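S.K.: Each protein sequence line maps, in turn, to chains A and B. Counting along the first sequence from 1, when you hit position 183 you're at 183 in our numbering, and nothing is skipped either side. Counting along the second sequence from 1, when you hit position 97 you're at 97 in our numbering, and nothing is skipped either side.
In case anyone wonders, no lab produced these hints; they're calculated from the structure. What you are looking at is a predicted structure, and each value in this text was computed from that prediction instead of being measured. A virtual CB, placed ideally from N, CA and C, is assigned to each residue, including glycine. The reader is advised that the hints may include incorrect statements.
Claimed, not checked - Only some residues are given here: those of chain B computed to face chain A with a beta carbon under 7 Å:
#1 Ala12
#2 Glu16
#3 Pro19
#4 Arg25
#5 Ala45
#6 Gln50
#7 Cys53
#8 Phe55
#9 Ala57
#10 Ser68
#11 Ala71
#12 Phe72
#13 Gln73
#14 Leu75
#15 Pro208
#16 Val209
Here is what each chain is made of, one letter per residue.
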Amino acid sequence: MSALSLAPGPRPRRASAEYAAVKLEPHGPSRPERAGGASAAASDPRDRALIERIAAHDRAALKELYLLYHRRLARFLTRVTSRYDLAEEIINDTFWVVWQRAGDFRGASYVSTWIMGIAYRRGLKAFKRASFMPAGAHDLPEQGGESHEPWSGAERREWLNAALERLPSEQRLVLELAYHLGHSCEEIAEIMNCPVNTVKTRMFHARKKLKVLLPALAGIEPESPP
Amino acid sequence: MSADSAPGGAHAAFWERIPWLLNGRLSGAEAQALHAHMQNCAECAREYAQQRCVFEAMQPDESIAFASEAAFQKLTARLDAAPAPARTETFAVARWLAAASIVAALGLAAWGGWIVEHTPAGAPAAYRTLTAPAAAAGGAQLRVVFTPNLTLAELERLLHSIDAYISNGPTDSGVFTLTVAPGRDSALEVAQRLAILRADADVRFAEPVTAAP
Numbered sequence: 001m002s003a004l005s006l007a008p009g010p011r012p013r014r015a016s017a018e019y020a021a022v023k024l025e026p027h028g029p030s031r032p033e034r035a036g037g038a039s040a041a042a043s044d045p046r047d048r049a050l051i052e053r054i055a056a057h058d059r060a061a062l063k064e065l066y067l068l069y070h071r072r073l074a075r076f077l078t079r080v081t082s083r084y085d086l087a088e089e090i091i092n093d094t095f096w097v098v099w100q101r102a103g104d105f106r107g108a109s110y111v112s113t114w115i116m117g118i119a120y121r122r123g124l125k126a127f128k129r130a131s132f133m134p135a136g137a138h139d140l141p142e143q144g145g146e147s148h149e150p151w152s153g154a155e156r157r158e159w160l161n162a163a164l165e166r167l168p169s170e171q172r173l174v175l176e177l178a179y180h181l182g183h184s185c186e187e188i189a190e191i192m193n194c195p196v197n198t199v200k201t202r203m204f205h206a207r208k209k210l211k212v213l214l215p216a217l218a219g220i221e222p223e224s225p226p
Numbered sequence: 001m002s003a004d005s006a007p008g009g010a011h012a013a014f015w016e017r018i019p020w021l022l023n024g025r026l027s028g029a030e031a032q033a034l035h036a037h038m039q040n041c042a043e044c045a046r047e048y049a050q051q052r053c054v055f056e057a058m059q060p061d062e063s064i065a066f067a068s069e070a071a072f073q074k075l076t077a078r079l080d081a082a083p084a085p086a087r088t089e090t091f092a093v094a095r096w097l098a099a100a101s102i103v104a105a106l107g108l109a110a111w112g113g114w115i116v117e118h119t120p121a122g123a124p125a126a127y128r129t130l131t132a133p134a135a136a137a138g139g140a141q142l143r144v145v146f147t148p149n150l151t152l153a154e155l156e157r158l159l160h161s162i163d164a165y166i167s168n169g170p171t172d173s174g175v176f177t178l179t180v181a182p183g184r185d186s187a188l189e190v191a192q193r194l195a196i197l198r199a200d201a202d203v204r205f206a207e208p209v210t211a212a213p
């Protein structure tokens with residue numbers, strides 16, 4: 001993150017100069033294992049074949065699908081509930097439904113979107129409990145303004161996670177589904193069973209509220225050209 | 001076109017798409033148009049830089065390991081304790097469940113009637129908490145899981161053959177509690193009834209309910 005700095009200073013006058021350095025990075029931000037996008041498209045035929053076998057009560061197929069998704073779901077659900085035991089309960093509830101309802105999957109979406117939609121519905125109450133902490137329940141860590149690298153590494157994650165807990169659960173989940181899991185706007189609408197415009201509105205408010213909760217964020221400027 | 005000079009709607013639409021440019025979910029044309037817009041829009045370029053910071057801070061922590069196999073074993077145990085899911089016989093299962101509910105209701109009504117008949121006037125009401133031993137409520141009790149193929153007629157026949165009625169259930173796992181008729185619940189008779197149940201192809205599981213120590 002050396003390119004991004006909170007250090008105060010005059011903003012470059014021309015947007016094109018600011019943006020030039022961002023574009024120079026050939027592959028953009030890091031792309032780890034994701035649920036959406038190319039990853040979902042590539043894995044979907046395999047997942048659909050497994051769903052067909054599960055619909056025929058094939059336990060080996062259920063295990064294969066479970067092991068393919070467990071890590072991703074556990075990481076996501078532990079993140080948004082702050083409890084692994086709860087995450088595991090939601091995962092097993094989700095795959096219980098997958099086992100019971102595999103025959104009902106019509107293939108209108110990626111399997112990963114279908115599974116995430118089930119997990120969302122199974123975990124809804126837990127998400128609401130875990131999110132939107134009242135002020136003071138989980139104080140935001142102090143954001144140092146004097147340091148040269150205050151917005152980096154573990155400290156950045158700590159601030160951000162504390163701020164995310166202050167967002168209403170629906171707004172936080174839209175951010176998590178887009179940024180943590182890589183889902184598209186349309187996929188998120190399907191997972192949360194709401195119109196696409198609702199997803200856009202939730203994302204809009206989440207971004208605006210994060211700026212209020214994280215004043216340090218507002219100080220981040222695009223990279224200067226090398 | 002700067003943020004100030006761009007039509008409000010177009011600029012707002014570009015600004016709105018930034019998260020999906022970051023996660024790689026815009027189409028090629030949409031991404032290209034947004035990149036072009038950011039060349040000249042300081043506000044969107046700054047928003048992109050800020051959201052990229054958030055995006056990167058929210059990436060999965062690859063160092064955390066999870067016990068996936070152990071978690072699956074818990075799911076397996078849960079599946080083993082429950083009836084198999086319906087595939088095409090959804091209607092048959094629904095009909096079976098409705099019939100079982102009716103039988104359970106009739107059983108409970110009969111049991112209630114028997115209690116009223118056999119309770120002396122003025123006797124203190126008997127209360128049972130969830131933690132009390134189940135067997136304390138009446139005759140010997142058995143926990144049974146049936147297959148979804150069992151019909152109402154077969155269920156009635158089976159219950160008659162062992163002089164028992166449904167006193168509870170089904171639980172979420174499909175477990176029924178049967179109570180053996182009073183006077184027919186000696187250890188030998190209970191063992192005989194269990195043998196009948198276990199020999200039946202439509203009984204997956206039958207065990208006596210043991211009283212708490």
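S.K.: Each hint: holds or not?
M.R.: Each hint tested on the structure:
no.: 1; hint: Ala12; in the structure: 9 Å, violated
no.: 2; hint: Glu16; in the structure: 6 Å, holds
no.: 3; hint: Pro19; in the structure: 5 Å, holds
no.: 4; hint: Arg25; in the structure: 4 Å, holds
no.: 5; hint: Ala45; in the structure: 4 Å, holds
no.: 6; hint: Gln50; in the structure: 5 Å, holds
no.: 7; hint: Cys53; in the structure: 6 Å, holds
no.: 8; hint: Phe55; in the structure: 5 Å, holds
no.: 9; hint: Ala57; in the structure: 5 Å, holds
no.: 10; hint: Ser68; in the structure: 4 Å, holds
no.: 11; hint: Ala71; in the structure: 5 Å, holds
no.: 12; hint: Phe72; in the structure: 5 Å, holds
no.: 13; hint: Gln73; in the structure: 10 Å, violated
no.: 14; hint: Leu75; in the structure: 5 Å, holds
no.: 15; hint: Pro208; in the structure: 28 Å, violated
no.: 16; hint: Val209; in the structure: 26 Å, violated
Hint check: violations occur at hints 1, 13, 15, 16; the rest are consistent with the structure.
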